[in-house]
Amino acid sequence: MFKRISVQHDDFDVAAEMAMLRERDPRVGAVAVFIGTVREMNDAANGSASVQTMTLEHYPGMTEKALAKIVAEAAQRFDILGATVIHRIGELKPLDQIVLVAVKSAHRGDAFDACRFIMDYLKTQAPFWKKETTSQGAHWVDARESDDEAAARWQRPCAGGG
Amino acid sequence: MNVKVVYLARLREALGCSEEMLTLASASVTTTATLGDVLAMLRERGEPWSYELGEGRAVRAAINHDMADADAAVRDGDEIAFFPPVTGG
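Chains as they are written, first to last, in our numbering: chain A, 1 to 162; chain H, 1 to 89.
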């Protein structure tokens with residue numbers, strides 16, 4: 001299965017990444033893409049000042065391993081033909097691209113589901129941290145409970161329900 | 001037993017430490033140290049360690065680059081990391 005995982009300072013070119021992912025593979029009938037970008041307005045509890053810069057820190061060595069595990073898990077759960085995950089690090093500005101998750105498969109269902117699964121797990125399992133700088137200074141972004149809930153939705157239901 | 005401990009993001013700043021080597025004195029050779037033991041040892045240093053790594057704080061951990069819980073076993077030469085809940089994407 002095609003896998004491309006990259007943690008990089010540089011921006012990514014979506015068209016070039018799509019061409020690389022699709023590889024002129026005639027089995028592919030669907031490509032689902034998610035692009036995360038830097039928002040200007042933060043919605044932290046301490047007011048809503050415009051974000052000037054967003055600095056992404058990560059844990060070198062673990063990051064790539066964590067992303068590879070998430071892609072491998074997606075490949076087990078869904079019928080996919082390949083995936084690309086690119087996450088940027090360093091200093092970013094509003095409008096910048098942060099993350100790209102793209103999945104190819106024969107049909108759209110698996111491509112959509114796997115793309116969302118990878119993104120939901122990345123949000124809670126991949127060691128990245130955001131620090132925002134606004135006119136009021138710099139602060140670390142807090143994790144959101146809604147991200148944990150989004151990842152938890154993918155847990156398989158217990159046998160017998162309940 | 002020696003382990004490397006790495007602190008990341010907000011935790012690194014709050015503790016003023018990015019990494020250190022730690023010697024774990026094991027009471028008995030048959031006893032396996034856990035991540036919880038390492039945390040307990042660090043909390044004994046007092047502030048800011050006891051607060052930042054305290055029970056009520058959201059601290060996540062990894063052993064050798066895999067997410068780990070407090071009851072995970074720690075072995076000589078391991079790289080342990082402590083960090084806040086992740087916020088990428």
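Hints listed in this document are in silico derivations from the structure and should not be mistaken for laboratory results.
Owing to the predicted nature of the structure, the values given are computational and were not obtained by experimental measurement.
Worth double-checking, as some hints may not be accurate.
[To be verified] Calculated lysine to aspartate or glutamate pairs in the EDC-like style (CA-CA distance at most 20 Å, straight line):
no.	chain 1	residue 1	chain 2	residue 2
1	A	Lys65	H	Asp69
2	A	Lys69	H	Asp69
3	A	Lys65	H	Glu79
Hint by hint, here is what the structure shows:
no., hint, in the structure
1, A/Lys65 to H/Asp69, "holds (18 Å)"
2, A/Lys69 to H/Asp69, "holds (18 Å)"
3, A/Lys65 to H/Glu79, "holds (14 Å)"
In summary, the structure agrees with every hint in the numbered list given earlier.
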